[in-house]
Amino acid sequence: MTRQWKSKTLGVSKPHEQQLLEIKEHLQFGQEDDTYKFCVSYALANKLTRNTERNIKRETKWAMGNFDADGDLLVLLNAMFPEEEDVQSVLMTLAEAGIEAIHKKVTEEYLYTIGEVLKN
Amino acid sequence: MIVKSLHLHHFMPYYGDVTIEFPEAEGTNTTIFYGENTKGKTSILNAFRWVLYGEAESKGRALDYEDLLNKKALSEGESELHVELSFSDRDDHYVLRRLMSEKHQGGKGNLLMQKNGQPITHDEAEQTIERIAPKGTRRFFLFDGELLREYEELMEPTSNTAKKIKKAIEDVMGFPTLMKTLEVLGAVEKRFRKESQLERTSNVAVSDLKRDRDDLDASLEEKEGELERLSVDEKETRARLTELADAIDGSKDMKDAYDRLQALKRDRDFYKNKIDEQENHLREIKREVWKSVLRQDVAMRAKKALAGQETRRKLEVSRQKLTLEISSLQKSKQTEVCATCNQTIRDVSNLGARIDEKLAKVEQISGEIDLIPETDSLIDLNMRFANASRLQDFLSAEADVDHTLTMHNDCIDKIKRLQDEIGDFSGADVDAQIIKRVKLQASLEKLVESITQLETDISEIKSEKLRLSKKIDELSRSDGVSKESALLQTQEILDIFERAKDILREDIKVRVEEAAQHAFLEMTSRPDDYSGLKITDSYGLEMIAKDGTVVPQRSAGAEQVVALALIDGLNRVGRSPGPVIMDTPFGRLDQTHRANILAYMPKSARQFMVFVHSGELQRDSTVLDPIKPLIGKEYSINSNGPYVSYVEAAK
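Chains V and A, in that order, give the protein sequences. Numbering-wise, this note's numbering puts 247 at position 73 of the first sequence, and it's gapless, one number per residue. Numbering-wise, this note's numbering puts 452 at position 451 of the second sequence, and it's gapless, one number per residue.
Treat the hints loosely; a few may be bogus.
Dumping the calculated DSSO-like pairs for lysine-lysine here, alpha-carbon to alpha-carbon at most 30 Å [to be verified]: (1) A:Lys440 to A:Lys266; (2) A:Lys535 to A:Lys440; (3) V:Lys293 to A:Lys535; (4) V:Lys221 to A:Lys440; (5) A:Lys304 to V:Lys293.
These aren't lab readings, by the way, just hints derived from the structure by calculation. Model, not experiment: these values are computed from the prediction.
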C-alpha cells in the first residue's frame with residue numbers, strides 16, 4: 175500500500191532556511207527546492223542520522239503538490255522507508271540533517287561545487 | 002696614228018704578197034702613188050678600209066669575199082687573203098691583221114692584233130681602232146675622190162647623200178654618244194611615263210594604306226602615352242609598397258602583441274560563451290542532481306527487488322503445483338481410481354498422509370511469499386531515476402565549467418598583461434596599413450598585367466605598321482622618289498640633252514666652219530676674192546665674198562675645193578692627228594688648186610698619202626716642185642694582166 179504525504183505543505187525552520195540559502199549560493203543552485211532535495215539525497219547517500227527528537231518550529235515553504243509534482247520523492251521515501259508511517263517527517267528530518275552537514279562543509283571549507291561536497 | 006707599212010696578200014688585184022712602207026718623219030710625210038685607171042689605186046684605199054673596219058666598197062657597193070680574194074689566186078685554189086697594217090700611236094706599236102677565207106664569207110674576216118708584240122683580244126682590238134681611228138671619220142681620212150661630189154650635195158640638204166654625210170659628220174663630232182644618251186633617256190622617260198600611270202593607280206591603294214598607318218600611329222601614340230602613365234603609376238605604387246612594408250616591419254613586435262591580444266580577446270569571448278552554455282546545462286541537470294546522487298543506490302535496491310519478485314514467482318508456481326497435486330489426490334481417495342492413469346487403487350490408506358504433507362508444504366511457501374516485500378514502486382522509481390544524469394556525468398559537467406572558467410580567467414590575466422605592454426598602440430592602424438598593402442599589391446598586379454598587355458599591343462601595332470610601310474614602299478618607290486617626280490626629272494634631263502644637242506651641233510658647225518675656212522683660204526686660187534666660208538645647218542659650206550654676200554654660183558673647181566676644205570675641217574675637228582689618204586682628189590681642179598692642195602695637205606695631216614693618175618698629176622709636173630722636199634715615198638702601181646697588180650717604189 176502506497177503511503178501519501180501526511181501534510182499538503184512542507185515547512186522549514188528559519189535557521190535551516192538561512193543555511194539552505196547559503197548552500198544555494200555557494201553551489202549555485204537555481205531554486206531552493208532543488209537545493210533542499212540535494213540536501214535530502216546527500217543525507218540518504220551518506221546515511222546521516224535523522225534527529226527525530228528535536229522539536230523544531232518550521233514555517234510553511236512549499237506546497238507538496240508543487241514541491242514533488244512528479245511524486246518521485248514520495249516513491250523514493252516509500253521504497254527506502256517501507257516501515258515508516260510518516261514519510262513527510264522522514265523527508266524533513268533527512269533534509270535538515272543534510273542542510274546542516276553541507277552548510278558546515280561549504281562554509282568551513284569554502285567549497286563551491288557539488289563535486290567537492292560529495293568528495294569530502 | 003702613224004702608219005708604218007701596209008702588207009697585202011691575195012687582196013683584190015694584188016696577187017701574192019705586196020708590202021708598202023710609208024715615211025714617218027714629219028718633214029717627209031707625203032707618199033704619192035702613181036697609177037693609171039684600173040691598176041689598183043682604189044684597192045689600196047680599200048685595203049686600209051678593210052683592215053681597219055672589215056668593210057670595202059666600190060662605187061657605193063660593199064665588197065664581199067669573192068670580190069676581195071684575188072682572182073688569180075682563186076683560180077689557183079687559194080682561199081685565204083689578208084691585209085696587215087703596222088702603225089704606231091703615242092708610244093705603242095701595233096700590228097693589225099685581218100684575214101678571210103671561205104669560212105668567213107658574209108662576215109668581216111678574222112681580226113688579230115698585237116700591241117708591242119703581244120696579242121690582244123678581239124674586243125680590245127676593236128676598242129683600240131675606235132679610239133685611234135674612229136669608224137665615223139673614215140670618210141674624211143680615207144678620201145675617195147670619186148665620192149667628192151657627195152660632199153658637194155651637202156648644199157642640197159634634202160638629198161639622201163646629204164643626210165648620210167650629215168650623219169657621218171655628226172658621228173665624227175660625238176653626236177652618237179649624245180644621241181645614244183637621248184635614246185636611253187627617251188626609253189627611261191617612256192618607262193617612267195608608264196610607271197607614273199601605274200603609280201597614280203597604286204596611289205589610291207597607297208593612300209588607303211597610309212590612312213591605315215596613320216590610324217595605327219594614332220593608336221600607337223595613345224597606347225604609348227597610356228603605357229608611360231601606367232609605368233609611372235607602377236613605379237609610384239612600388240615605392241608606396243616599399244614604404245608600407247617598412248612601416249609594417251617597423252611595428253612588427255607590437256603588431257604581433259596586438260594580434261595575440263586580439264586572439265586572446267576572441268578566446269575570452271569564446272570561453273565566456275562556453276561558460277554560459279555549460280552553466281545553463283549544469284543548471285538544468287542540477288535540478289535533478291539529487292536523483293543523480295541516489296541513482297546508483299536506487300538501482301541496487303531495484304535489482305534486489307527484481308530478484309525478490311523472481312523468488313515470489315517461483316514460490317507461487319510451486320504452491321500452485323502443490324495445490325493441483327492435493328486436488329488430484331483427494332479425488333483419487335474418494336473414487337479409489339487413479340486420477341492420472343484411471344487404474345483401480347487397491348489401498349487408499351496412504352493417500353490421506355500424502356495430502357496432509359503437501360498441504361503443510363503449501364502453507365510454508367505461502368509464508369515465504371508473504372515475507373517478500375512489495376517492490377513494484379522501487380522498480381518504477383529506478384526507471385524514473387534512469388532519466389537523470391549519472392552522477393559522474395554531472396561531476397564532469399561541473400568540472401568542465403570549472404575548467405572553462407579557469408581558461409577564461411587565464412585569458413583575462415593575459416589580456417591585462419598584453420594591454421599593459423601595448424599601451425595605446427593601435428593595431429587597427431597597422432591592420433589598415435596591411436589592408437592597404439594588400440590592395441596596393443592587387444593594384445600593382447593589375448598594373449603589371451595592363452602594362453604587359455599594352456606592350457603586346459604596341460608590339461603588334463608596330464609590327465602591323467612595319468608591314469604597312471613595306472607595302473607602301475612596294476607600291477611607291479623604293480628610293481623614296483615618286484614615279485611622277487622621276488618622270489618630271491627625266492623630262493627635264495631630256496630637255497637639257499635636247500638643248501645640248503643643239504648647242505653641240507652649233508658648236509660643231511662653228512669649229513668645222515673655222516677649220517674649213519682656214520683650209521679653204523689656204524687651198525683656193527682666189528684668196529683675195531673670198532672672205533671665207535659659212536656653214537649651213539646641213540653642214541654644207543657657202544662661199545662668202547669679200548663684201549659678205551654668199552657667192553650664188555660656184556664653179557666645179559670651187560665646189561671641189563670647198564668640199565676638200567670641209568673634209569679637212571672635219572678631219573681636223575673630229576679626231577686626233579693622223580694620216581689623210583686621198584684617192585684621185587684633183588679631178589676637176591686647175592693646176593693652181595692642185596699646187597695649193599699639195600702644199601696644204603702635208604701641213605694639215607700627220608701623214609699625207611695621195612693616189613693620182615697621169616691625168617691629174619705627172620711625176621715631172623712643176624706642181625710638185627714646192628713639196629718635193631716633203632715627199633718621203635713615191636710608188637708606181639702597175640699590173641701584169643687584169644689580176645696581178647704590183648707596187649714599185651719610184652723614189
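Evaluation of the provided hints:
Taken as a hint, the lysine 440 of chain A and lysine 266 of chain A pair is honoured in the structure, with Cα atoms around 27 Å apart against an allowance of 30 Å. The suggested pairing of lysine 535 of chain A with lysine 440 of chain A is violated, with an alpha-carbon distance near 104 Å, which exceeds 30 Å. Taking the CA atoms of lysine 293 of chain V and lysine 535 of chain A, the gap is about 163 Å. The hint is violated against a cut of 30 Å. Distance check on the hinted pair: lysine 221 of chain V and lysine 440 of chain A sit about 73 Å apart at the alpha-carbon level, beyond 30 Å; violated.
Only pairs whose Cα atoms come within 30 Å are accepted, and lysine 304 of chain A paired with lysine 293 of chain V is accepted, the gap being roughly 26 Å.
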